[in-house]
Structures are given as C-alpha cells and as structure tokens.
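Visitor: Please construct the entire structure, taking both the sequences and the accompanying hints into account.
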Amino acid sequence: MIKIVSGNLLGAEAEAVVNTVNCVGIMGKGIALQFKQTYPENFTAYERACKAQKVVPGKMFVFSTGRLVNPKYIINFPTKRHWKGKSKIEDIKRGLVALVEEVKTRSIRSIAIPPLGCGLGGLEWSEVKPLIENAFSNLDEVQVLLFAPGDAPKPDEIKINTKDPGMTRSRALFIKLIERYCAPGYQLTLLEIQKLAYFLQEGGEPLRLRFAKMKYGPYADNLNHVLQRLEGHYIRGYGDRSRKAQIHLLPDAVKIADAELAGDSTGTEHLDRVAALIEGFETPYGMELLSTVHWVCHESPSIASDLDKVRASIAAWNERKQNLFTPKHIQVALRRLHDVGWIESSQTVQVQDC
Numbered sequence: 001m002i003k004i005v006s007g008n009l010l011g012a013e014a015e016a017v018v019n020t021v022n023c024v025g026i027m028g029k030g031i032a033l034q035f036k037q038t039y040p041e042n043f044t045a046y047e048r049a050c051k052a053q054k055v056v057p058g059k060m061f062v063f064s065t066g067r068l069v070n071p072k073y074i075i076n077f078p079t080k081r082h083w084k085g086k087s088k089i090e091d092i093k094r095g096l097v098a099l100v101e102e103v104k105t106r107s108i109r110s111i112a113i114p115p116l117g118c119g120l121g122g123l124e125w126s127e128v129k130p131l132i133e134n135a136f137s138n139l140d141e142v143q144v145l146l147f148a149p150g151d152a153p154k155p156d157e158i159k160i161n162t163k164d165p166g167m168t169r170s171r172a173l174f175i176k177l178i179e180r181y182c183a184p185g186y187q188l189t190l191l192e193i194q195k196l197a198y199f200l201q202e203g204g205e206p207l208r209l210r211f212a213k214m215k216y217g218p219y220a221d222n223l224n225h226v227l228q229r230l231e232g233h234y235i236r237g238y239g240d241r242s243r244k245a246q247i248h249l250l251p252d253a254v255k256i257a258d259a260e261l262a263g264d265s266t267g268t269e270h271l272d273r274v275a276a277l278i279e280g281f282e283t284p285y286g287m288e289l290l291s292t293v294h295w296v297c298h299e300s301p302s303i304a305s306d307l308d309k310v311r312a313s314i315a316a317w318n319e320r321k322q323n324l325f326t327p328k329h330i331q332v333a334l335r336r337l338h339d340v341g342w343i344e345s346s347q348t349v350q351v352q353d354c
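Residue numbers (the numbering used here): 1 to 354.
Rather than coming from a laboratory, the hints here were simulated on the basis of the structure.
Certain hints may be false.
[Said to hold, decoys possible] Computed list of lysine to aspartate or glutamate pairs in EDC-like fashion (alpha-carbon distance at most 16 Å, straight line): (1) K213 / E124; (2) K86 / E124; (3) K244 / D156; (4) K104 / E15.
Guide: So this is what it looks like as structure tokens:
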C-alpha cells in the first residue's frame with residue numbers, strides 16, 4: 001500500500017527509512033545531511049563503504065540500527081555518482097529494483113521513501129513518482145510512505161545525535177565573535193557566519209579555512225564541516241542547507257568558550273580587532289560589502305588607494321555586486337578598512353557625497 005505524505009522523513013514510523021546518497025562518501029546537504037546528524041553511525045559505515053567502492057548505483061547500502069524500535073534499517077540509496085553531479089533516471093530505475101529486493105529479503109513491512117533524485121538531484125517528481133509506485137505495486141503487504149518534495153524540516157527540528165566535538169581555542173573564538181556580533185535573540189544567516197569566520201582568519205587566527213571568491217564574497221566550503229560539528233552542541237539553526245539558516249548560540253556555549261579562552265590575551269586582541277572593523281556593518285549587506293572590498297584590496301594591494309580601481313574590481317566580480325553596492329558605500333567600507341589598519345594605502349580615503 002502506497003501513501004503519499006509530507007512532513008519530516010526522519011520522523012516517519014517505519015521499519016526502514018531510505019536515505020539518498022552519492023557514491024563518494026559526502027553527506028553535505030539536504031536529506032543526506034539530516035541523516036548524518038541524526039544517525040552518525042550510519043554515516044561512518046557509509047563513508048567506509050564508499051572508500052572501499054562498495055556504494056555504487058543500482059545497489060543498496062543497508063545499515064542496521066540495532067534498535068528494537070523503528071527505524072530498524074537505514075537504506076542508503078545511491079541517486080548520484082558524485083555530490084557535484086545530477087541524478088540520472090537510469091540509476092533510479094536500477095536502484096528501485098535493488099530496493100524492492102532488499103525489502104523482500106529482509107521481510108520489511110513498512111518503509112519511508114524520499115523523492116529519489118529530485119531536489120538537489122534535479123529530476124522531475126512527475127517522472128520519479130510513477131517509477132516508485134510501479135516498483136512497489138505488487139507489494140500490497142508493505143506500507144510505503146512516499147514523501148513528496150519540498151517539505152524539509154525547520155533547522156531547529158532536525159534531531160542531532162552527533163558526538164559533542166568538544167571546545168577548542170578556534171571554536172571558542174568563533175563562538176565569542178558570534179556573541180559580540182549578535183544582539184540577544186538575534187539569529188545569523190550563513191552569509192554573516194562566513195564573513196565573521198573570514199575576518200577572524202584574516203585577523204590572525206589560523207582557522208585553516210579555504211576561502212575562495214564566490215557569488216556573495218569570500219566563502220569557505222569547509223566552514224560547513226565546522227558548523228555541522230557544532231550544531232546541536234554549541235549552535236542551533238544550521239539545518240540541512242536546503243533552506244535559510246537561522247543560527248544562534250545555545251545557552252552554555254559562551255560559558256564554555258570563556259573557560260577555554262581564560263587568560264588568552266592574543267585571542268582577545270584578535271576578537272577586538274575584528275569587532276572594531278565590523279562595527280556599524282552588522283547586516284548581511286554590510287558584511288558582504290566589507291569582506292568584498294577587503295578581498296579585492298588584499299588580492300591587489302596596489303589598488304587600495306584608488307577608489308575607482310576598487311570599484312572597477314568589484315564590478316568585474318559579478319553583475320550582482322556591480323548593481324548592489326553603491327559607490328559611496330564602497331568608499332565607506334574602504335575608509336573603514338584603512339582607518340582600523342586592515343589595509344594600507346598611500347593616501348587617506350575620503351568619503352564624499354555621491
């Protein structure tokens with residue numbers, strides 16, 4: 001029996017729950033990230049299997065939870081060859097044959113299935129849905145909860161069962177910077193989080209983040225790994241990256257960070273330096289502006305004294321930035337960077353009416 005449902009896939013009452021995965025050991029976004037956070041042991045086993053090249057299209061990687069209550073199985077269904085690629089309908093068809101065989105072999109009587117290959121995979125639900133229905137059409141004794149696309153849980157509703165990563169100096173400084181940036185109860189966007197980390201690293205902290213020139217300014221993809229580890233332990237609201245994040249600190253995060261940084265004068269100096277830079281720029285627009293201007297001046301120090309060249313460099317970044325940032329705002333950001341010692345220039349940057 002097939003029932004089309006909506007809601008939280010991981011909250012489904014079923015013996016088996018299907019997780020959509022790639023074949024290279026990455027669960028970085030969407031449903032797969034939800035599974036990684038809720039069932040970390042499944043991720044560890046899946047990652048190991050990928051390294052052994054045992055996760056391939058058309059074959060299920062089944063993880064037994066060892067629980068008396070549901071779900072008893074996590075069935076990892078390869079819908080992509082690589083996380084960067086798109087899903088292929090042929091892989092969905094082959095995978096469904098293998099999935100049905102696993103259901104029969106293990107005598108599974110209820111299963112929850114997401115929209116295979118849709119969403120991040122790029123396939124159309126109108127094409128995938130009948131394939132799933134047809135695959136299970138002869139299994140009347142199996143209850144199939146088929147989840148339609150577009151109903152991801154809110155970030156705070158995703159269950160986190162990962163191990164507490166512990167507090168380190170870098171994590172403590174990051175948490176303290178978030179505390180300084182936020183008014184009580186304020187929630188940060190991922191854009192703001194990225195820029196805070198960028199300035200903390202540029203301000204002298206060796207965070208080992210690999211920033212690159214991206215659409216919204218400097219961006220480090222490996223910062224997402226840091227946030228995933230902190231989620232549910234020191235921060236909340238990161239979610240599964242399928243919807244807008246609303247990140248906030250958990251109640252004990254600052255207290256634990258303070259204990260880690262006790263007597264750390266160098267760390268305090270770095271925090272003070274970043275705080276002085278971003279004061280008055282504490283919005284998504286302001287942080288993107290400031291980090292963008294810093295990036296172009298850092299990459300080409302010779303243009304830091306020439307406002308026209310800075311503006312031209314930003315305009316060449318992408319059309320969005322060309323249309324978004326006004327000449328006066330670029331000038332204000334450039335002067336701030338100069339005044340607090342983040343860039344050097346041979347002359348003072350004057351702010352004029354534009």
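Visitor: Which of the listed hints are broken here?
Guide: 1
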